[in-house]
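As given, the protein sequences belong to chains A and B, one line each in that order.
This note's numbering numbers the first residue of the first sequence as -7 and each following residue consecutively.
This note's numbering numbers the first residue of the second sequence as -17 and each following residue consecutively.
Treat the hints as calculated values from the structure; they're not laboratory data.
A couple of the hints might just be wrong.
One side only, chain A facing chain B, incomplete, derived with CB under 7 angstroms [as the list claims (entries may be wrong)]: (1) Pro55; (2) Gln66; (3) Leu70; (4) Phe268; (5) His272; (6) Val383; (7) Val384; (8) Arg402; (9) Pro405; (10) Thr406; (11) Leu408; (12) Phe409; (13) Pro410; (14) Asp416; (15) Pro420; (16) Ala431.
Calculated Cβ distances over 10 angstroms to all of chain A for the following chain B residues [as the list claims (entries may be wrong)]: (17) Ala3; (18) Ala84; (19) Leu240; (20) His298; (21) Gly306; (22) Arg310; (23) Lys318.
Ideal Cβ placement from N, Cα and C applies to all residues, glycine included.
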Amino acid sequence: MRVPIFNDLYDAGSRLLGRAGDLVSGGILEQDVRLGVTGLRRAGKTVFVTSLVDNLLKAGRLPFLDVVSSGRFQASRLRPQPDAQVPRFEVEQRLAELTGPIPRWPKETQGISQLRLSMRYRPNAVLKRTVQPVATLNLDIVDYPGEWLLDLPLLHQSFAEWSALTLELAGRAPRDELSVSWRGWLATIDTAAPAEEEQARRGAALFTDYLHACRRSDNLLSLIQPGRFVEPGDMANAPLLTFCPLPGDRPRTRGSLWALMEDRYEAYKSKVVRRFFAEHFARLDRQIVLIDVLGALNSGPAGMADMKRALELSLEPFRHGSSSWLDWLLGRKIDRVLFAATKADHVASHQHNSLRHLLDRLVSDARAGIRFEGARVETMAIAALKSTETVVTEHEGRQLRCVRGVPLGRDRPTVLFPGEIPEDADFPPGQERPYNFMAFQPPADLAREARGLPHIRLDQAMQFLLGDYLE
Amino acid sequence: MSERTRDRHWVPPMELDPTRAAAVPAAEEEAIIAGPLAGPLSGSAAERLPALLAEDRPRSRFGRWLAGSVAALVLIALGFDTWDLFNRAFATSAALGVLVAAAVAVAGGAALAMLLRELRALRRLRKIEELRGEAGRLSTEIVTKAGEPGHAERFAGSLTRLYEGRPDLTPALERVRDHVTDAHDDAEILRLLDREVMGPLDRRAYQTVLRASRDTAVATALSPAAVVDLAVVLWRNLKLVREIAALYGARPGYVGSLRLLRRMLANLAVAGVAESAHHVAVEALGGSIAAAISTRMGQGVINGLLTARVGLTAMHLCRPIAFGPDNRPSMGQIRKELLSLPKQVL
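Chain B with its partners taken away, still in its complex shape (with noise of 0.2 angstroms):
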């Protein structure tokens, strides 16, 4: 940057006149009034935001092609099918073809219908994880362009956007609201949207974690047969992970929530809830001993605890702003309270 630039760019200090300046964050401040009247999902700032975290990994391109044209054979061959089936009612008698094309078109509505809300709700869960690719970059982004500021505030827009309708957090929105001046700039705004937003969340979402990993401690300690207890354990965990998302506002769909114990399944491993190898060796030792007390009462304290990681997984992945390094769940309360269960049982 050359000398001369700069010397365009600046402008000397002065005084202007009063009544041609407007109140800062003014476009947005609106954006966050107009938050909760504004539907939820029409054409709201977070669509406008850059897809950062949309996909983590980059799929074969082949593969798509694959499923691509299988699903269209498939498509296809049942488009004959019931072509077929048609002719075949219809010259069979009339009343029976009308039958038919009756239940295929409800089938078929039925059918949009599922598509359409299972796509509001991976679109809901995208929006999610565009919020928490914005957030993580307003956060550590230490400074805002002198032109371009308040992203902050549209985020916030967005946030009280995706949490309209639920009562609970309506207070929370409300103190952020009423707390934020235009002195704060988009790192503190998003700090006390985490903690005043997402602190209550967070310890809500922790309950349900403990619930989960109690109950299916139990159910397999108390479980008179193998395949019973896989049964309530892959239940249960679907349920949390379904519960996790509710609360943070995702509601997946049934294709969402294969999504999400999809990318659990690969995060599992990897993400922050996998504490280092000492605890797990505690974990596993823990587990032996309550083994030693009883075996079932062992296999039930290391089934809670898969199901608190796959619960802590799913907090990690489906909270809008991602934990801090303070502010992450840890397993420390839930294994302290699984290991004292079987004193509690027996």
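Excised from the complex, chain A in its bound form (with noise of 0.2 angstroms):
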């Protein structure tokens, strides 16, 4: 049973009396735009997030941020966030893990974080000038698991539906091996047959071995539905985590395994997805997701499959939401989406344009569909935190282009050639093994020069994101 009607409606009521406040309690003169930082794990969101808190906060490096370069901008400053229910992004923390005298990578963040960052410049507009000679922008960066946007789409599937596309995947390589003793298990069991708690809770274990088992495999498979089951927050044991897809078709029967699963199925619909459309999704103004293309190109052409069918689910809520009839209730919408391919340091300079070629092909359905909703798509290859540097060495005769820098676990700098990116393939052809990105440690000395930490275009996916705000 589906009644998302009464339920959007309900939402979009209560979103627009939280505008409505906004505007009483000065909204006019403070600006706000919320900022959704979000990728698969390991894209390096929490570096993201601080290398952009440190750089706006210092503003030492942003040659391509207009409101720095022009000189208008002023200075910025933390304050306290405005969703009390939501944990702090603790940049404090982590940057002083970054830049202490044994730099390291901050902890990853598990599931969503939030930061308010103060910003005053001059305005540019002329209209603006006139009313207020120094505008504030309240930046809200919202940081959630790219896992989570996974389960968005799962609002227009059925259990039925979702269980077929589950296992089919389940069933194909890689996957195939990883879900052997749950498939096993499904095959055991009769759906029809009336429901065990017992019986439900191994299913949901077996399967929810299958999709840490997905996580952490060579392959670095990104497609892992739902996302709560791998980072459940503070939802772990609960029962809206413990059912898994099954095969077949409904039975009849009351009562039933399947009739269980269903119902859990639906309630993590509503309690979980919904509410995190509703609570967060759909208040962004402006939205960055990081994807770590470099990571997949490692793992080989399977890796890059699962990783672009992963961001093609994910890519789903974009379109979704956006040109239904809601629109205009709903008010706020995504307008400006960038796709990033980070930790560009980790190739040659001159590689950069291949990266973004790269990314472009990846997304190339996606931002068809989104710029068709009427948002602005760009691509770039960007890295939070520049930890290597691009050296030309000598090799049989030829000039090659290397980055040097530490490697994670080791002491001393190292020159690497990571292989090259091809301009119009993602591999080049006939190799076994053609890339080699390793991973580098932060560079130490971070925080002798206070002017933010180095990055690569940092300051233009800033300019893309939040230009138009600090006109």
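Take each chain as given, in its own frame, and dock them per the hints.
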């Protein structure tokens, strides 16, 4: 049973009230913008937010951010966030880890977190300038796992549809090996038999193991649905998370295992997915999707294909909900989306263009769809923290452009030629192991120059995402 | 390209000896740093760049032959006359002969010096044109070929050399050098140069144009005779062109200014300054309304607009990096300023 219209109306109503409240309480004088930062695990969300905040606070390395380069930027500072129930993004602690005497990469974030940064600047637009000579923009950065985005398409799928899709995927290489024990269990049970909690728990546990295995696998499989199974947050062991896809059709008997699982699936949709959509996703104004393209390349064609599928699925929500009749009630919608291939510093600088072209190919379908809805889409190759430098060295009479940095777990710098991405293909033809992208340690002495963390194109990303607010 | 040749170029991923690696734009960065120290025209990188925009129109070969032969004839005639003058002066008296010889030597020397100076100025102008061509190529070329990067660094070096001895631009150039890292590609470096170095120059040039067009407008409106304001307008326009050229680093001589003027006359109608017919109509209408108030005032406004056009065209022609679609100067503000002029004066 689906009664989404009422839910949507309720959400829309509460949002309208919230906006009215904003207007009354000085929303006119201070502008708010909500920037969603997301990406699948290990895409570099935490470092991105840390570097973004640090660079905006110090504003020393942002030549491509108009408001800074034209000298209209005054200063920015951290302020208390608007949503009291959401954990705060602990930027100070992460910065300390990065810039300490022994620099380390910060630990990954779990679940959602938020941070508010207020910027003061002199507006450029004539009208704005006459109303207020100094304007304030509140930037709310919302960092949430990309796995949660993967859940949003579930809103349109019934339990039977979702089961069929998931089972089909689990039976295909390279996932078939990882799902052997769970599929074995599925073969032994009778979905029409009366439900037993023990059985449901067993199935959910096996399914969760399979999802965890996917995530850990060498192929870096990205398509993990439902996301809360691997990122439970505060919901570990809740009945909401004890279900799994079942084969076959819906049996006629009441109180069957199938019916129990279906109920829980629907509950997951309304209590977890819809809540996330209404409380966080639907309130975003701008979105950046971080993608670890190099990681997927490292793991070979299978990993690449899986990432492409995960991307397609996770980008579905950007299209959904923006063209419906609820649009004008919902008010806000994301009008700029940036896809960023992170860790661009792992390749030599002349490869950034190839990296970007590869990303273009990865997101081309989604891009066309989002553009069709009227939002602007851009792709970039960025590095939130530049930890290597490009150098030239000679090898068998050829000039090779390589990266120099200290690899993770070592203490001496090395010069690495990680392989070159062809301009028109994902992999060079006929090579067994074409790439070897390595992880590097954050550079030492980051805190010495107080001008923000070094980065690659972070300023251009900011200009695209926030530039028009700072006019 | 066959599979085999690809294989030959393919290098497997590997680690290499860190001691043998050199920072990337090694050679090019030297060029930037050495920029202010090197001589202004001593074998600069820009001269090695292909002359892309050296001449817009292919000149007629016959025309060149004609000009060359006439010049040669005049020179020979001049030589004969001078020789005759010599002989006659020496025939009259030795002192007169020496005087004539000294005058000829001084005249010749001065002419040579002037010629050299004009040539240098012309070369500067041509260098700017070359730079503009190179900039256009760099910003449109999407991928730099793997083997030959660093064009933009070289470009930055040439630009730095062009602007040596300009203390007003040193901070901007410093800033660019400070911001550019090894991760920026050519188009990005170019955009940075465009914003940081050219941006302030554009604003100053625009102010210059604004001032000049106001001057001509007022002068035309107040001048007692048509001849006077014709002279004023001509003189002011020539001065404006030279000012703008000097601002962008061209420092043109007389020949250079004439050349600029000639190219401008050719460009006035087609360059980006010439806006749509709509705008022209608005200008004319604005002019006619003003003319209804006062004929002289209307003439003044129209002359001012013309001067503004000349000035903006000069900006287009003298800028080392061509204007992009979003930063090209518009007549908008100038027009507003000029149309409010009758009110101020009356």
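Going down the list of hints, with the structure as the test:
Given the 7 angstroms rule on beta carbons, the hint for A/Pro55 holds: about 4 angstroms separates it from the nearest Cβ of chain B. Of the supplied interface hints, the one on A/Gln66 is violated, with its beta-carbon coming no nearer than about 19 angstroms to a beta-carbon of chain B, more than 7 angstroms. For the restraint placing A/Leu70 at the interface with chain B, the shortest Cβ-Cβ distance is roughly 25 angstroms, beyond the 7 angstroms limit, so the hint is violated. Nearest Cβ of chain B to the Cβ of A/Phe268: about 35 angstroms, over the 7 angstroms cut. The hint is violated.
Checking A/His272 against chain B by beta carbon gives a least distance of about 33 angstroms; that is not within 7 angstroms, so the hint is violated. Annotation: A/Val383 was flagged as interfacial toward chain B, and the flag holds, the nearest CB pair being 4 angstroms apart, inside 7 angstroms. The criterion of a C-beta within 7 angstroms of any C-beta in chain B is met by A/Val384, whose closest approach is roughly 5 angstroms, and the hint holds. A distance limit of 7 angstroms between C-beta atoms decides the matter here; for A/Arg402 the minimum to chain B is near 11 angstroms, and the interface restraint is violated.
Hint on A/Pro405 holds. Least Cβ distance to chain B is approximately 6 angstroms, under the 7 angstroms limit. At about 5 angstroms, the closest approach between the beta carbon of A/Thr406 and any beta carbon in chain B falls short of 7 angstroms, and the interface hint on this residue holds. At about 5 angstroms, the closest approach between the beta carbon of A/Leu408 and any beta carbon in chain B falls short of 7 angstroms, and the interface hint on this residue holds. Checking A/Phe409 against chain B: minimum C-beta separation of about 6 angstroms stays under 7 angstroms; hint holds.
About 5 angstroms separates the beta-carbon of A/Pro410 from the nearest beta-carbon of chain B, less than 7 angstroms, and the hint is met. The interface hint given for A/Asp416 is violated, since its Cβ lies 11 angstroms from the closest Cβ of chain B, which is over the 7 angstroms cut-off. Here the hint on A/Pro420 is kept, as its CB sits about 6 angstroms from the closest CB of chain B, short of 7 angstroms. Taking 7 angstroms as the C-beta contact cut-off toward chain B, the hint placing A/Ala431 at the interface is violated, the least distance being around 14 angstroms.
A cut-off of 10 angstroms between C-beta atoms contradicts the statement that B/Ala3 is not in contact with chain A; the least separation is 4 angstroms. For B/Ala84, the condition that its CB be more than 10 angstroms from all CB atoms of chain A holds, with the nearest at approximately 59 angstroms. Non-interface status of B/Leu240 relative to chain A is upheld: no Cβ of that chain comes within 10 angstroms, the nearest being about 37 angstroms off. Consistency note on B/His298: stated as away from chain A, and its beta-carbon is indeed over 10 angstroms from all of that chain's, at 23 angstroms minimum.
At roughly 14 angstroms from the closest C-beta of chain A, the C-beta of B/Gly306 stays outside 10 angstroms, upholding its exclusion from the interface. Against chain A, the non-interface label of B/Arg310 holds: every CB pair exceeds 10 angstroms, the least being about 17 angstroms. The Cβ of B/Lys318 sits about 12 angstroms from the closest Cβ of chain A, beyond the 10 angstroms cut-off, so the non-interface label holds.
In terms of the numbered hints stated before, the structure departs from hints 2, 3, 4, 5, 8, 14, 16 and 17, listed from lowest to highest.
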